[in-house]
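Work the whole structure out from these sequences, hints included.
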Amino acid sequence: MNTHHTFPGIAARAARTDATGSIPPENWQDLKDSGYLRLFHPPHLGGTGADAATQVQAMEALARACSGTYWSATVSALLCAKLISTYGDERHHRLIRPLLTGDRLAAFAIVEPAAGSDPATYRTTVRPTGNGYTVNGEKSRITNAPNADLAVTLARRDKPADDTGPDWCLAFVDLNQPGVRRYDIPHMGLRGMPWGGIVYTDAHIDESDVIPLPFTELAEGMTWGWLLVSIAAVATAESALTASVRHARRRISFGRPLAHMEGVQAQLADSRTHIDAARLLAHRGAAERVAGASARDLIGMLKIYATEMSVQVTARAVQIHGATGVTQGHEVERHYRDAQMNVIGAFATNRLREQIAEHLGLGPAVYRPFDWLTPTGLTHDPVSLDGLTTG
Amino acid sequence: MVFPHHPARPDGASPSAKAAQELADRTQELTHRLARPTTADRDRRRQWDDTLLTALCDPTGPHLAGLLVPQSLGGAGLTATQTCHILDTLGEGSRDPGLGLALTVHTALATVPLRALGTTAQRERYLPRMASGEWLGALSLRQTQSTASPPTITARPAPERPGGWILHGRADLVALGPQAHHFLVIAEHDDTTRTAFVIDRDTPRLHVHSTDQAAMPTCPWATLQLDDCLVLPDAVLGTVRGAATETEPLLATLDWIFTSAPWLGIMRALTHDALAAAGTRTLFGTPLAHGQSTRFALADIATRGELAAGLLHHAAAQFDADGRPSRRDAAAARLFTVTAARAVTQDAARLIGPAAADGDHLVERAHRDALFFASTGGGTDVLHPVIAASLLGSGRP
Ligand SMILES: Cc1cc2nc3c(=O)[nH]c(=O)nc-3n(C[C@H](O)[C@H](O)[C@H](O)COP(=O)(O)OP(=O)(O)OC[C@H]3O[C@@H](n4cnc5c(N)ncnc54)[C@H](O)[C@@H]3O)c2cc1C
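These protein sequences, in sequence, are chains A and B. Going by the UniProt record's numbering, 351 is the number at position 351 of the first sequence; the sequence numbering is gapless. Going by the UniProt record's numbering, 132 is the number at position 132 of the second sequence; the sequence numbering is gapless.
Check before you lean on any hint, since a few could be wrong.
Ranges of calculated distance between the beta carbons of each label pair, as one might list FRET restraints [claimed, not checked]:
| id | chain 1 | residue 1 | chain 2 | residue 2 | range |
| --- | --- | --- | --- | --- | --- |
| 1 | B | ARG205 | A | THR242 | 51 to 57 Å |
| 2 | A | ALA53 | B | ASP190 | 49 to 55 Å |
| 3 | B | GLY379 | A | ALA53 | 32 to 38 Å |
| 4 | B | SER326 | A | THR324 | 30 to 36 Å |
| 5 | A | ALA348 | B | SER326 | 33 to 39 Å |
Quick caveat, the hints were computed from the structure, so don't treat them as lab data. Even for Gly, the Cβ is constructed at its ideal location relative to N, Cα and C.
Listed below in structure tokens is the structure:
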């Protein structure tokens, strides 16, 4: 499959999508027509149940065409729909189907205005009202927040003393209601992707749409998110490499194309190798996960490697392009900005390293007191050559 | 959990998958029992152990000498991917990069060209005895990158023997040389075309000088000297003057893929050691395992191993599919594995700390040998342009 020709219209509009910071309606029409949104789910949910390789290829193709569009569409149709199908039941199929037809859009709202990596800072709470539930709190830096119809929301449960169930829940919140306010956050890369906050003030949730959940399930559900982001990173890197190869062949310097320079070749070769490594791991992780295994650690490793690799590859691409690469509106300038977003989105990579380390048998993260140096004596400067002289 | 996802197991659907897994299990058992306990000592004494080799090559045991020889010729008939998996197991079990290299040179680099390009007579003469380990094949690691390094052996027609050749020159870095029964040699003609030969050790005027290599001392090393050796037409491998498109590209790809495979296992062994050290060493009054520099390094070590395995298995699998394996993918797999091996060794050395009092000092051997590994197969100076050429469209025949 020649991936970057799969979404020609979306690719042609990518620069404009980035410049205007919004996804044009034609992109959504193309997505609906292409069947992309249905690939990830079985027919009884309205999907087409593609195999893992096809899913990854299609994801990479869309991400190469336009990373902002890819993020928005895939967070909704893959990540959110998987969360609903995994943790919900038949009653929630009504929520999934419109996500796969593209008639509605979903967001996954976990992070709040404080430190996103630390769930202890999450305050949003769901309370029973007698007629369902209400939710209060603020979610921030959420993909699709400004325009989504539905938010799969992670919240604390306000529960009676005798309720021994989990402290957390996933709530499927209808965002088109009076208790919901949204805002945009301007952002560096993935500019077409809608991104911002959701403020809940006594927003209503139906009884059946609150699913109590142990917190550990969050990483399990997020694994689809890590896969999604990793493939975005691979695609951005591949686009940056393609642009670099094109430029290196055309640009004449010292009487020869840049491509004749050994140093440039070495950069291209490193990029090629690192992208291949990440893509192969993505295919392996996806194959395991689509087959029903968790693959959480494998995909966690992938997220760390692929997103940081993509930053390196896009930086090399900018370097190979010289000033052209830092010119606003040039393709690699966009990839450079997009790549960094993937490192942070869906668990920043250093936070994920902690998780991988824990699963390697090193035990949970230990946060020691700030000053571990003073007790060792390494905070003293030495005496002078003449010993303890004054002055 | 260490490496939750062991490198892709041999394809479960293939009929030989079960047999391959059995060989891997036997390799693991035997290397743990026989190789690993003596590795540090053999390394210190630069010693080659024939009994160990016999046990590893035993067709009723791991059958390591015959992995890639077809069953009809007495081999195990494994696929390239399965072979990678077993060489990986050998590396992890023996913790001996030199032993891994020696066996790989025989099992893959010396065997596959005969299998792929040999005449029926050559295949029938060499392969069954190579598969049993009775005859070992060797070659110079300088001859695996076509003519990136200048050719050092010449061939000219033998004046009195039609079809015969006179070979002259020297080749160093002959892995397994002192133990070999025969050598795969590439020689250059006047017009710079080249022919591959398989030359038996007892060929008159062929000399094998044992040498000491600073790295990988458990692999026996030699320099091969040919003083106007007469070789007969049946020593030619493939087409006369055809090495540039036959044996040479095959050797490059075999080197890049298969000599990398034991390093997957070495990296896994280093990870085990580093994890153990992180649990026992203390710094600032807490176990090393509490520090984020330790935790992050271990997460990265584990990740590099998975990525390298993915690339190597992908490149090897192309030998198993129809069509021609890709030199670019093989070179990329080598480039990544080399970089990973060096980085993993470096991180492991930091975590294990200076002068560990106990253990078998794998990290010290790996440090020395990873540098050597990085310079073979042409090193980055060869790998980078090979990979870049495929992107830039240069070098198309
Ligand atoms: C493109 C994009 C899309 C996003 N989409 C969503 C979404 O749809 N839904 C949603 O809920 N959130 C979303 N986010 C928010 C994202 O999940 C958070 O930004 C992320 O989890 C990190 O939180 P933070 O930004 O507050 O950084 P912090 O938590 O303040 O972390 C800052 C830095 O400290 C490091 N750090 C944090 N903890 C540790 C630790 N234990 N050890 C070592 N280092 C650590 C991190 O690596 C990071 O580099 C998105 C973010 C981006 C960039």
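Hints versus structure:
1. Separated by about 55 Å at the C-beta atoms, ARG205/B and THR242/A satisfy the suggested range of 51 to 57 Å.
2. One distance hint, 49 to 55 Å for the beta-carbon pair ALA53/A and ASP190/B, holds here, with the actual separation near 51 Å.
3. Between GLY379/B and ALA53/A the beta carbons are some 34 Å apart, a value that agrees with the proposed interval 32 to 38 Å.
4. Range check, SER326/B to THR324/A: about 31 Å between beta-carbon atoms, so the 30 to 36 Å window is met.
5. Against the hinted window of 33 to 39 Å, the Cβ-Cβ separation of ALA348/A and SER326/B comes to about 36 Å, which satisfies the hint.
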